[in-house]
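Asks: With the hints as constraints, model all of the structure from the sequences given.
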Amino acid sequence: MHWLTTVVRRAATIALASALFGQGAFAVTLRVADQGDAVSMDPHSFNESLQLSFTGNVYEPLVARDKSLGLVPGLATSWKQTDPTTWRFELRRGVRFHDGSPFSADDVIFSYRRALAEGSDVKTYVGTIREIRRVGEYSIDIVTAAPFPILPDVLTLWYIMSKAWCETNGATQPVDKRKGVENAASFRANGTGPFRLKSRDPGVRTVLARHAGYWDRIETNIEEVIFTPIGNDATRVAALISGEVDLMQPVPVQDAARLSQNPALKVMLGPELRTIFLGMDQKRDELLYSSVKGKNPFKDRRVRQAFYNAIDIDAIRSRIMRGAAVPAALLIGPGVKGFAPEQNRRLPHDPEAARKLLAEAGYPNGFEVKLNCPNDRYINDSEICQAVAGMLARIGVRVQLETESKATYFPKVLSRNTSFYMLGWTPGTYDAHNVLFSVMASPGAAGQGQFNLGSYSNTRLDDLTARIASETNPGRRDAMIAEALKIHAEDVGHLPLHQQSLAWGMKRNVNPAQRPDNFTPYKYVVVQ
Amino acid sequence: MNGAAARFLDSDLWVSFKRNPQVIGAAVFAAILIAGAVFAPWVAPHRPFDLASLSLNDSMLPPAWNPQGRLAYALGTDDQGRDVLSTILYGSRISLLVGLASVLFASTLGVTLGLLSGYVGGRLDALLMRVADIQLSFPAILIALLVDGIARAALPRGAHDERLAIAVLIGSIGLANWVQYARMVRGSTMVEKRKEYVQAARLIGVSRWSIMLRHVFPNVTGPVLVIATINIATAILTEATLSFLGVGVPQTTPSLGTMISNGNNFLYSGEWWLVVFPGATLVLLCMSVNLIGDWLRDALDPRLS
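Same order as they appear, the protein sequences are chains A and B.
Each step along the first sequence adds one to the number in the numbering used here, with nothing skipped, and position 367 is 367.
Each step along the second sequence adds one to the number in the numbering used here, with nothing skipped, and position 70 is 70.
Treat the hints with caution; some may be incorrect.
Stretch-level coverage of chain A by chain B, calculated; a stretch enters the list once three of its residues show a Cβ under 8 Å from a Cβ in chain B [to be verified]: (1) 207–217; (2) 228–238; (3) 251–259; (4) 313–327.
FYI, nobody ran anything at the bench for these hints, they're computed from the structure.
Using N, Cα and C, we set each Cβ at its ideal position, and we do this for glycine too.
Replies: So, in structure tokens, the structure goes:
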């Protein structure tokens, strides 16, 4: 009578469950599979979308973003400018960290210092702040070095950590994963967010559990999130089809059509703000990985333009991305403040002209250079690089392609140990200034050019970037952004490729909010 | 007709071969594939590793018999526009090279250590055989992964160099498989060294090395040939597995394993030819080699004839 006992046991379980969770939305576990893993649990250690998206469920910023990227109060309830360089932030009262300790102004000031400390990768978000003054236990003044009208936008990816917890655990500084160091905050977490970190097994499985004492009423009915990185595309698709996971990101472009035909599943498509591009080392006098000795071919604008002309972006869009990409001429895409469609015109695909340019620059037979690419970060990243290698071969440039997992790729290229690399950038502020400041400006002490890995440099662009930061007149600001982008395009500072489309696969009953920054706040996911 | 060929055509081996249609089929398939691989630069319709000759506009074409296919690409093309048939031919080169070379390496190492162990005996024997025991308790693929990982860590920059990657692969697969040879040769050596001819040689003052190499060695090699043949298939599979897992040869110079690994990503989207053709080639190649090996074992076994 086995089946009978099973039935009785199940009925009892269901009865118990409904007694516990009441009549409304029942509590569920959301199983998420992603192409990669968050590198660390430390919200200041790595400025990357997945890392910030994932830790953003555990930690919170002062100013948050809602489903449509609008600014909403986070740990600050209100903010206003008291003079051109000073902002008064009123902090939320009664918020508790996951360990039960209260949140106050001291945690904010501590997190500011921490985000500026050595090893921090998020200096770019707090670099414009000169100091933070404590006004009261729940009130602070943020003082910027120069007028900075978009300060609240910039603060959305700077997460607040607990001063007491970091001090007790010896994690008062973020550690640089690139140097192979980790500390308590890399594996454990204590934030104020809607979910707390329950267990962490890097690269294997990370479990989040609902924080019962969260300050806000949120719509999700998820009690637990099990996050599993599955690098292999086919395995990830299989996991969704077999029902092993509920939400899967990203759907391989070739599988989107077939998955959406499956009655149990759905695919959410949408534009992403991220721009994928290639960068070249323009600083060293001799490239680290090239057959050219004694000089750096990328210092010559003609070589950079030849590379640009060699790339057949339409073939990449239609063949490799299967249409799920928008070719880009700028490092910002539609949806980012400062984007101007009339500027978004690519140089033509013209191998003939490219060969001529190379010959003029003194490389009639081309040269050899190594291209570094991730193979699990962006959609079809290594396929794009292989295709680019083929296109460059046609103008005589022999590309030695090195593709690897982002776990080894980013430490390598972020320490500038590369001659030619691929990167994708989503402006964390949804404003052109962020890209100008982080990716195009010459590397500097305040975090400028932190992701300008080839050290492209133009003093006029640097000057404009600094002035855009403090310009309050929208018309003049747009004009300066347009000029800076024009300079960058004329210099061929980077080789823009495209904006990829977002594609998430999920069970029919899973309803997430798909934000164009590719963030997945689990507090917006509802399971029916 | 010279003497050796005449003797071969008259031998039991040839007679048994002629009577065995399965083995003839296997041998013919293996011969065609080996010839195709060796002469790939001349017989392959395209040059899949010449990046300049690839066109993305020809990517993902189905096989020629499909209405969308093209005659120029008999078995279709992959996501980079490489011709699948040509890539299989070039890829088999790497698979066969790694398979044969690692078997050669493993058998040389195994036979040498087995001979020494069996003939010298004592502490050396105990040491070598304990190492062998330990290694036998792990699956060969695990050892290969371990050796491969260590070699890559020790050679950080060069590991991506294609030739070095192949050498590392050969070394790691070889090191994972020597035990079988050593075990077998050691056993036979211990039997042989007690036989009268060895004792006679010792009595007349022949040196130990000379006895080992010139008298014992020729008498223990028969079974080595059989193990080696069967091991070729295993080594090719190990190479494919390692490449499938992404630790084998680099993506840009695919072996059969990397082709299958790449094609695997397109299984759900219906581009079956990317995985089916290299997969079928691998299966048929390993099956033919195994069939030949099995037949060789039976044909060389006096108790079965």
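Asks: Cut-off 8 Å, C-beta pairs, minimum 3 residues; does the coverage of the region 313–327 of chain A by chain B stand?
Replies: holds (count 4)
Asks: Can the region 251–259 of chain A be counted as covered by chain B under the rule of three residues or more with Cβ-Cβ separation shorter than 8 Å?
Replies: Since 6 is at least three, the answer is holds.
Asks: Count the residues of the region 207–217 of chain A whose CB lies closer than 8 Å to any CB of chain B, then report whether that count reaches three.
Replies: violated (count 0)
Asks: Can you take a look at whether the region 228–238 of chain A is actually covered by chain B? Rule is 3+ residues, C-beta closer than 8 Å.
Replies: holds (count 5)
Hint 1 alone, counting from the list given before, is not met by this structure.
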